[in-house]
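Assemble the complex: chain A is given as a structure, and chain B must be docked to it using the hints.
Chains as they are written, first to last, in UniProt numbering: chain A, 1 to 426; chain B, 1 to 426.
If you are wondering where the hints come from, they were derived from the structure by calculation, not from laboratory data. Hints should not be assumed to be uniformly reliable.
Identical copies go unnamed one by one, so any copy, or any two together, can satisfy a pair.
What the hints assert, rightly or not - Below are the DSSO-like pairs computed for lysine-lysine, each with C-alpha atoms no more than 30 Å apart in a straight line:
1) Lys190 <-> Lys104
2) Lys300 <-> Lys390
3) Lys203 <-> Lys419
4) Lys390 <-> Lys228
5) Lys419 <-> Lys100
6) Lys140 <-> Lys190
7) Lys364 <-> Lys419
8) Lys419 <-> Lys104
9) Lys113 <-> Lys382
10) Lys382 <-> Lys364
11) Lys301 <-> Lys203
There are 2 protein chains.
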Amino acid sequence: MPLTANDPTRTSWLDIPTHTDFPMQNIPFGVFLTRDDIITIGTRIGDYAIDLGALHQLGYFEGIQLTDDIFLQDSLNDFISDGKKTWRLVRNRISDIFLKDNSKLRDNEEHRKQVLFTLDEIEMQLPVDIGDYTDFYASKEHATNVGSLFRDPENALLPNWLRIPIGYHGRSSSIIPSGTPIRRPIGQTKPGDDGTPGFGPSKLLDFELEMAFITTDTNDLGKRVSVKEAEDYIFGLVLFNDWSARDIQAWEYVPLGPFLGKSFASTISPWIVTLDALESFRTEGPAQEPTPLPYLQQSKKNNFDIHLEAAIQPENGEETVVANSNFKYMYWSMAQQLAHHTVNGCNVRSGDMMGSGTISGPTKDSYGSMLELTWRGQNPLKLNDGSERKFIEDGDTVIMRAHCTRNGLRIGFGECSGKILPAIPF
Amino acid sequence: MPLTANDPTRTSWLDIPTHTDFPMQNIPFGVFLTRDDIITIGTRIGDYAIDLGALHQLGYFEGIQLTDDIFLQDSLNDFISDGKKTWRLVRNRISDIFLKDNSKLRDNEEHRKQVLFTLDEIEMQLPVDIGDYTDFYASKEHATNVGSLFRDPENALLPNWLRIPIGYHGRSSSIIPSGTPIRRPIGQTKPGDDGTPGFGPSKLLDFELEMAFITTDTNDLGKRVSVKEAEDYIFGLVLFNDWSARDIQAWEYVPLGPFLGKSFASTISPWIVTLDALESFRTEGPAQEPTPLPYLQQSKKNNFDIHLEAAIQPENGEETVVANSNFKYMYWSMAQQLAHHTVNGCNVRSGDMMGSGTISGPTKDSYGSMLELTWRGQNPLKLNDGSERKFIEDGDTVIMRAHCTRNGLRIGFGECSGKILPAIPF
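Chain A extracted, bound-state conformation:
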């Protein structure tokens, strides 16, 4: 199945801003509420949201095997279950519909009215019903930094880290779409001198700059997928802010891992950018030494060159970019993660989400969390408005962005943002 939609020479009859994250070659998938308060599956080109439910009802997907209501749903799960071939057919067809010389929709005002929305007319929703969410810990720099800060700088990287794509199960219920405000969490923290644990609003509220991939139905219970097959089961990626309360986390996480320090909220960008759209941004990952066990070995470029940034915007203030990182720093690729996740027979379903873990690069300005950027508050960051930050304060909005560029083509993810509201008093 050719990736026609990726052709960089394709232009549209739609008016598309230059430098948009959403050119004709992106065609991501999402779920939104329309101006008529109807929920639908859609895509985005430039600054238009496009109602795929309406397009389908009007016959624009003729010839592709799709159930009548496949886009009239509040999640992409069923469409994702249709599999890679269908995703490609639909994405190519969308590209065709908006191609400069295709007059069918272009010259039908009645249809255009039903199909096209400006961004202020819609409200983005969570794109998938996330059954299980797993978070990996796949950046070597991040694992090393955290190991130094939480445990022992001399043995920062634990012995299993270079052998296993370390991951853990996260909380699905509290995953929210970009723009949803977040209450500062309350919880227990390490005891003071009298032995009684601290209790109250987190004082060390942090973001984690991550990406996450969304899977289709991958394997039945007891079966597994190989690294080679794994990408066939990955629908696409979103930006992901794995909000973390470091003081709650530090007290609770031994021996069973992070729990309430993470589960109060996790924010994703609402448009799923398909793996297909990212095809031309493949790159080598970091060298893997020691050589992974055979079931984790890979023979092609399974990393992706995606620039990532995180910014802090104080209440009523201008934003300051505080981190510049890249998805290519991931030591363990998505394909390795998915193969590892299923090696024990664990079944993976449509709509499951797997986070990368914080993506930190080699330089101090490429660290993906305040914990690392300020070295646990020792080196506060200066914001453009003159204020300083050790961690995230009430009223701050954290905004993440991601995009790839090559030969003038830019494929982006839009924003993943969330504002911190004060804790609800007890």
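Leaving out everything else, chain B in the frame of chain A:
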């Protein structure tokens, strides 16, 4: 709302075996496939499965506010969302329908044919669509034993354990109903002398004797529930076998907790016994010293006296009961667990499941896992057929049972069983 259905003097026109787990006073909820291959929500009295979808269509729930299709679903989630008052009305009504002197269904053969099934005519399914599954670690004896075996006998209980109901997120997708066979998982284990991790079928496959509770919609994101309110949001309990591959777990679990050592399968008993049905089996939990923080303090009996047992049945052999424990040993009550889970604002939804963690008692025969019963294989168990077990072998079926008794009344959970099949070769 009176718990009429709990009245121990109530008897039925149905023929109910003595010593059944499912007397008139139980009335659990489950989902099954009927002889006509229709999926429905049902209950069980004695050895009869009762189709609540059919009962509702025939008008037996008149006067109770229920949507027409509330029982014609493949999960209890929507019914559970209806809330405690509705659960009680329905359970009381079911009790009325089968009450000795109530002739309405008793004398209507046509209706009885549509409503009543023998157990060999049905196939039990997973009772809920489990959104998130959390596993706690709430037995002090178990945490102490595991701490001794995996870490340091001198400091077996970590400093946070007496302060926090320690828990972690588990994998929902691989939760299966009793009777589903399980493939021995494959995975990485600790490196040998050459530094290369081991890889292959788990050699230390274990069970964990647990119970789990199912919640209704508890709180919106950012809100919390108190210990006092918590039980209003608990629908009921099931038996739970949290299968564990100790060798995979030991190598992977630092620092983010158990992952593939658990996610290959977890088995639950198919009938959810309501918290209401267990009301008369309340008991004090263990004394909590030091006193928990205020948000975890409780003023009533929040533990339940439920006898638990685990048995091993070798292929073609007779079973041997290897563990006798009790749900009352839980140090942290379900109410404390749910209050803790939401204290940070994490939202809990209908159909979420929370496991107790392995329930071990004070004596060596009350330990809830092979790891503890054989002290990591040092003291193999002798089975009735003369064979020995350090851990679980291929062909073994692990069967768990649970029941409460008081004044001749027995409320039970049926069985939670699973057979281990050999690993699928690579």
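30 Å Cα threshold - placement of Lys190 relative to Lys140: Answer is both; intra-copy 27 Å and inter-copy 20 Å each pass.
Between the shortest in-copy and the shortest cross-copy C-alpha distance, which are at most 30 Å for Lys390 and Lys228: within, between, both, or neither? neither (42 Å within a copy, 37 Å between copies)
30 Å Cα cut-off: does Lys419 pair with Lys104 within a copy, between copies, both or neither? neither (42 Å within a copy, 59 Å between copies)
Is it within, between, both, or neither for Lys113 and Lys382, if the alpha carbons may be no more than 30 Å apart? Answer is neither: 47 Å inside a copy and 76 Å across each miss the 30 Å cutoff.
Check Lys300 against Lys390 for me: Cα-Cα at most 30 Å, and say if that holds within a copy, between copies, both or neither. Answer is neither; intra-copy 40 Å and inter-copy 43 Å both fail.
Checking an output row: Lys364 and Lys419, CA cutoff 30 Å. Within, between, both or neither? Within one copy only: 25 Å inside, 52 Å across.
Can you tell me if Lys419 and Lys100 fall within 30 Å by alpha carbon in one copy, between copies, both or neither? Close neither inside one copy (39 Å) nor across copies (61 Å); limit 30 Å.
Between copies, within a copy, both or neither: which fits Lys203 and Lys419 at Cα up to 30 Å? within (16 Å within a copy, 48 Å between copies)
For Lys382 vs Lys364, is the C-alpha pair at or below 30 Å within one copy, between two copies, both, or neither? within (14 Å within a copy, 59 Å between copies)
When Cα atoms must be at most 30 Å apart, do Lys190 and Lys104 count as within-copy, between-copy, both, or neither? Answer is neither; intra-copy 64 Å and inter-copy 62 Å both fail.
Within a copy, between copies, both or neither: which one fits Lys301 and Lys203 at a CA-CA cutoff of 30 Å? neither (41 Å within a copy, 35 Å between copies)
In summary, the numbered hints that this structure violates are 1, 2, 4, 5, 8, 9, 11.
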